[in-house]
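Visitor: For reference, the chains in residue letters:
There are 2 protein chains.
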Amino acid sequence: MGTARVVFDRWDGRYAERMSAIRSSAVRDLFAAASRPDIISLSGGMPEVSLVPTEAVARAAAAAIREHGTEALQYGSSEGRVQLREIIVELMAESGMRLKADDLIVTAGAQQALDLLAKIFIDPGDTIITEGPTYLGALQAFSAYQPNIVCIPMDDDGMRVDLLEAKLRELGPRGAKFIYTIPNFQNPAGVTLTPERRRKLVDLAREYDIPLIEDDPYGRLRFEGGHAKTLRALDEDVIYLGTTSKIFAPGLRLGWVAAPAPILAKLLLAKQAADLCGSAYAQVTAEKYFTGTRWRRVLQDLTRTYAERRDAMLEALAEHLPPEVRYTRPEGGFFVWVELPEFLDVKPLLAEAVEAGVTYVPGDAFFPDGRGRNCMRLAFCFAKPDDIREGVRRLAEVLEDRLELYRAFQAAGVLEGEAKSA
Amino acid sequence: MGTARVVFDRWDGRYAERMSAIRSSAVRDLFAAASRPDIISLSGGMPEVSLVPTEAVARAAAAAIREHGTEALQYGSSEGRVQLREIIVELMAESGMRLKADDLIVTAGAQQALDLLAKIFIDPGDTIITEGPTYLGALQAFSAYQPNIVCIPMDDDGMRVDLLEAKLRELGPRGAKFIYTIPNFQNPAGVTLTPERRRKLVDLAREYDIPLIEDDPYGRLRFEGGHAKTLRALDEDVIYLGTTSKIFAPGLRLGWVAAPAPILAKLLLAKQAADLCGSAYAQVTAEKYFTGTRWRRVLQDLTRTYAERRDAMLEALAEHLPPEVRYTRPEGGFFVWVELPEFLDVKPLLAEAVEAGVTYVPGDAFFPDGRGRNCMRLAFCFAKPDDIREGVRRLAEVLEDRLELYRAFQAAGVLEGEAKSA
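Taken in order, these protein sequences are the chains called A and B. Here the working numbering is used: the first residue of the first sequence is 371, the next is one more, and so on. Here the working numbering is used: the first residue of the second sequence is 371, the next is one more, and so on.
The hints are simulated quantities; they were obtained by calculation from the structure and are not laboratory data. No false leads were mixed into what you were given.
Identical chains share a label here; the pair holds if one copy fits it or two copies do between them.
With a Cα cut of at most 25 Å, we get these calculated SDA-like pairs of lysine to any residue:
1. Lys-537 to Ser-513
2. Lys-537 to Trp-381
3. Lys-754 to Thr-440
4. Lys-470 to Phe-378
5. Lys-537 to Asp-526
6. Lys-717 to Ser-447
7. Lys-537 to Gln-516
8. Lys-717 to Ala-635
9. Lys-754 to Ser-447
Predicted model, so just to flag it, every value in this text is computed and none were measured.
Produce the entire structure from the sequences given, and follow the hints as far as they go.
Guide: In C-alpha cells, the structure reads:
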C-alpha cells in the first residue's frame, strides 16, 4: 500500500489542518500482523461471519437482483430504500423503540453516521463529550472536524453520570455539541450502562439541551442479564445508530441513523455530499436476508458462540493473569478491557506480544489524549475458545516479566514516589 | 422524508458553520417530480441500466459470494480489494494510463473521492479552481469544507486555459488547493478539452505547483471523434477519479481515485474515518462482472444507445429551438448545455416545464455563485429517442412564450440598455 512507501511529498504543507488531527488506526496495522497464521488475534473486532450461511446469502443476492431488476443497479434515494427502512423499524421495535421509516436514513455502516454527525455539528474547537475510553473509529471520525473531546470515565456500571453532571455544570447549557455513548457492552470497555444511569443520562441531556448520540452495534448480542431499555426508547430525541454488521455481515456496509426530523434533514444533505446515496444493490440483498426467520437462528448461533468465547476468555484471564490486573466482565458484545498497574505501558509491549504469538489493542487508541497506556482491549469475538485460552496464556507470560519488575520496584518503594510525581 | 416536514428545530443554531454552505441538490427534488409517468425527464443523469443484463449480475453475485465465502461478508481493507484494484489498473491501461494496484483506492462512487479530496485539502477560505459550470455533486462535496471556489469559463473546446493561466498568475504559485476538471464530455457542459489544452493544463498545474484533479466518469462513452489522452496519461501526478457507475451500474457504488502515494495515504486515512472500508460484497460482484467479455458488449450497447439519444436530442433542438438559443454538441457522455439569452431566468420556468410534462436542471445549480440562470442542462442518457424529441418539443413551447417577449423587448431596444447596466 502507498502508505508504507517512503516518498518525497511534493504536497507537504498543502493539506488541510484537520489532517494533523486524523490519526491512523492502530488496529489497522495490527490486522496486518494478525494475518500471520501462527498469531492469535485478540485485537480485531471482526464478527464471526463464517456462521452466516454463504449459500443463503448467495441465493438472497441472486433472488433480490432478479426481483428488483434495474432498481438494484440504479442510483437509489439518499435516505435508503423504504423497504429496508421498514425492516429496520421492525428491528428497532423488537428492542422497544417506536419510530417510522421516515425517522431514519440508511448509512454505509454506523461509521458513516458518525462521520456525518460530526460533519453537521462540529466546528473546530467545539466541545463534544464521549466516554473514556471510547470507540476508536468514533475518535477518528470526530477528530477530522477538530473538536475538543471531553472524556467521561466509566466504572463497571458504564459512564459515570455523576462525573458527567459535574462536567455539564461546568460547561453550562448547550456547552457541548453532543454527548456520544455506547450504553451496551461498550467498545472497548465491555461494560453496560445501568437502567438508573440511562434515565439520568437522558435527563441530563434534556436539562443541558445537548444532543445525545446512542451507538448500539452490540445491543442484540446479550449473553446474560436483563435487557435494559435503549436511550432512544426513553427519549425520542435521542440520535440512535444501528448497524447490520453484527447481526448479519459487515461486508454489505449497511448501518442507519435515527434522529429527529431537523437533524435527519441535515444528515441527508451531508450524506448526499459524501456519496450521493448508498448501495441499492446491498440494500435489496439485506431486505431479502431479513425476510423470513433464518437470520434469527443465525443471530442465536452468533450470540451463543460469542458467549462461549467470552467464557473462555474470562476463565483464562482468571487462571493466568496476576492479581494486580483488573478486567471487566461483559454481559454481551465483543470486548474485555484490561487494566494493568499504572506503571506499565502496554504499547512497547506489543512487539513482544506479537513475538509471543498474540495481539491486543493498546488502550491509548481509545483515548484522544494519550491516556490508557496501562490498558488494553481484548476481543473475544473472532478467535476460537482454545485459541483464546492459548492467547491469554501467551499474553500473561509477556506481562508476567514486566510485573515482576513492577513488584520489585513496589517492594523497594520506588513506584509510589513516581506515581505521586507523575 | 423528514426534510419535507416542517418541524420546530430544537437544535437550530447548533449546527456547524459548514451546514450553511451545503446546498440541497436541485436535481434531487426533480427526481421526485420526474417519477410521474407523464413527465419526460431530461434532468437526471441516470445511466440506462436496463441494458445491463440482470440475470448476468444475479449469477455474478451468487458465484462471487459462493467463491469468496466469508471474505465477501467480512470487513475489507480500506483501500479496497486488490483483485478489484487490479481490474481497475487494466481498465485504466486501456485508456492509456500506466499505474499499479497500489496507486489507487476504491471509493463509494467517485462522489466519495470528491468528498475525501476536499476533506484532505480544504481549510475554510482556501481557494480551489473548477470549471464554470461544473458538476453539482462536486460543488456539494467541496462546499462542505467552505472553500472559495473560482470558476474558469469554457467554450466548445473545454476549459479556457488562457483564462486559467491569467487567474493562476493572479493567485501565484500554490495559490489554490487544487484544480478540478472533467475533460471528457463535461458535466454539465457536454464539451471536451482539446489535446492542446490538456497539455497546457498539466503544464500550468506543474508550473504553479497545484494538484490537478481529473474526474472522468464518461471517458469510455465516446460516440465519435478521436480519443484524447487523459491528463493522468500526460502526467503521473494528476489525481484521477474513475467510476464503474457508467460502464457497469451505479447501484454498487464503486468508484476509485488514483493519486501520488503521499496524497493516497491521506485519502486512506480520511476514508477510514468516513466509513472504515468499502463493501467487499459489492467488490467481489464487480470482480466477477468484469471478468470475461460480456461487459464489453454491454458497454458497446450502452454507448450506441446514448449516441442515438444524443442524435435525437440534437436533431430535436435544431428543429424546435429558436435561433437565439445556443447549445453544445457533445461527442460522448450524457449532457447538452443550453444557453438562452441572458435576459431569461430558467429557474422560474421550471414549474411551467413540469406542467408541460418535461424537466431539466436550471443552470445555476452548476455554479457556486448564482450564475447560469439563463442556462439549463439537458440529459439525453435516460429518456428514449421519441421521448427526447417530444420532451424537447414541449420545452421549446415553454421557451417560445418567453422568447417572444424577449424579441419584443429587443425590438424596442429595452434589453441592450439593461444588459449594459447589469
